[in-house]
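Participant: Sequence:
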Amino acid sequence: MAGDNTFEALDAFLDEYLDLPVRGRDGQVRVYRIDEPSAEDGIRIERITSLAARLAAGGSAPDKPVLDDDEESDLYRMCLGDAYDQLRKEVGWGAFKHVALTAMFWVVSDKETAQEYWKTGQRPGKAPNREARRAQERRATSASAEASTTRSPASTSGTRAGSRRRGNRGRARRSQG
Numbered sequence: 001m002a003g004d005n006t007f008e009a010l011d012a013f014l015d016e017y018l019d020l021p022v023r024g025r026d027g028q029v030r031v032y033r034i035d036e037p038s039a040e041d042g043i044r045i046e047r048i049t050s051l052a053a054r055l056a057a058g059g060s061a062p063d064k065p066v067l068d069d070d071e072e073s074d075l076y077r078m079c080l081g082d083a084y085d086q087l088r089k090e091v092g093w094g095a096f097k098h099v100a101l102t103a104m105f106w107v108v109s110d111k112e113t114a115q116e117y118w119k120t121g122q123r124p125g126k127a128p129n130r131e132a133r134r135a136q137e138r139r140a141t142s143a144s145a146e147a148s149t150t151r152s153p154a155s156t157s158g159t160r161a162g163s164r165r166r167g168n169r170g171r172a173r174r175s176q177g
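Be aware that the sequence shown starts at 1, since it is given in my numbering, and climbs by one per residue.
Hints may contain errors.
To be verified - Calculated pairs, EDC-like style, for lysine to aspartate or glutamate (alpha carbon to alpha carbon, straight line, at most 16 Å): (1) 97 <-> 71; (2) 97 <-> 69; (3) 111 <-> 16; (4) 119 <-> 85; (5) 97 <-> 74; (6) 97 <-> 85; (7) 111 <-> 19; (8) 111 <-> 36; (9) 111 <-> 15; (10) 119 <-> 19; (11) 111 <-> 71; (12) 111 <-> 35; (13) 89 <-> 26.
Claimed, not checked - Label-pair ranges, simulated between beta-carbon atoms: (14) 120 <-> 44: 22 to 28 Å; (15) 110 <-> 55: 18 to 24 Å; (16) 112 <-> 31: 28 to 34 Å; (17) 112 <-> 88: 26 to 32 Å; (18) 94 <-> 50: 34 to 40 Å; (19) 54 <-> 5: 34 to 40 Å; (20) 5 <-> 28: 23 to 29 Å; (21) 93 <-> 119: 16 to 22 Å.
Keep in mind the hints are simulated off the structure, nothing from the lab. We treat Cβ as the ideally placed atom computed from N, Cα and C, and that holds for glycine.
Can you make the complete structure from the sequences, with help from the hints?
Facilitator: Encoded structure:
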C-alpha cells in the first residue's frame, strides 16, 4: 500500500511522563513522576522559554529579570504538575530547581535533552564554563599522571629502596666518625 495515509496512535512515540530519582532532605531517594503538562501549560512554557532564549541571544543582559518570583514559581508549577507540592516539601532548593528545569527541557525539547541536563546540570548545547572545563582538565591530567606513575611489577624489586637505605647508613657512619 504505497498510498496508505493511516497513522499510528500518537502515544506510540511520545513520552507522557518522566520518572526522576531524587534524594530528599531526609536522605531517602524517591522517584517523582512528572507527567506531561496540559496543552495550555505546554504552550505557556514554550512562550516563556522562547522569550528567555531571545533575550539571551541578544547578547546583553535584560534590565530586569525575565520572570518575577511569582512567574518563576508558576513556570515550575506548570513543568512539575502534580509533583510540585510534594517536591517543595521533600527536597531542597537545588534539587527542586534541577528537577523543574529537567522537566522544562523535556517539555520544550525532548527526553534526550532533559537527560543531558539531568546528568550534567548544563544547559544542553552550552559549552561548560571555564571552571568546569578546568576541573575536567585537572581530572584528565591527574588520571593520566596516576596511570604514568603507577609502578609496574618489575619495578618493585626493592633495589632502589635498598640503595637509599645503604646510602643513608653510610652518611650516618661518616658523620659519626
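Participant: Against this structure, judge whether each hint is valid.
Facilitator: Hint check results:
1. 97 <-> 71: Holds. Residue 97 to residue 71 sits at ~14 Å (cutoff 16 Å).
2. 97 <-> 69: Satisfied, since the Cα-Cα distance of roughly 13 Å is no more than 16 Å.
3. 111 <-> 16: holds (10 Å)
4. 119 <-> 85: violated (24 Å)
5. 97 <-> 74: Holds. Residue 97 to residue 74 sits at ~13 Å (cutoff 16 Å).
6. 97 <-> 85: Measuring from Cα to Cα gives roughly 13 Å; hence the hint holds.
7. 111 <-> 19: holds (11 Å)
8. 111 <-> 36: Between residue 111 and residue 36 the Cα gap is close to 11 Å, so the pair holds against 16 Å.
9. 111 <-> 15: holds (7 Å)
10. 119 <-> 19: Given pair residue 119, residue 19 holds - Cα atoms ~14 Å apart, limit 16 Å.
11. 111 <-> 71: violated (24 Å)
12. 111 <-> 35: Holds. Residue 111 to residue 35 sits at ~12 Å (cutoff 16 Å).
13. 89 <-> 26: Status holds; Cα separation ~11 Å.
14. 120 <-> 44: 22 to 28 Å: For residue 44 against residue 120, whose Cβ atoms are near 26 Å apart, the range 22 to 28 Å holds.
15. 110 <-> 55: 18 to 24 Å: With a Cβ separation near 23 Å, residue 110 and residue 55 satisfy 18 to 24 Å, so the hint holds.
16. 112 <-> 31: 28 to 34 Å: With Cβ atoms ~20 Å apart, the hint is violated.
17. 112 <-> 88: 26 to 32 Å: Hint holds: Cβ distance 27 Å, inside 26 to 32 Å.
18. 94 <-> 50: 34 to 40 Å: For residue 50 against residue 94, whose Cβ atoms are near 26 Å apart, the range 34 to 40 Å is violated.
19. 54 <-> 5: 34 to 40 Å: holds (37 Å)
20. 5 <-> 28: 23 to 29 Å: violated (51 Å)
21. 93 <-> 119: 16 to 22 Å: At 20 Å between Cβs, range holds.
This entry does not satisfy hints 4, 11, 16, 18, 20, going by the numbered hints stated previously.
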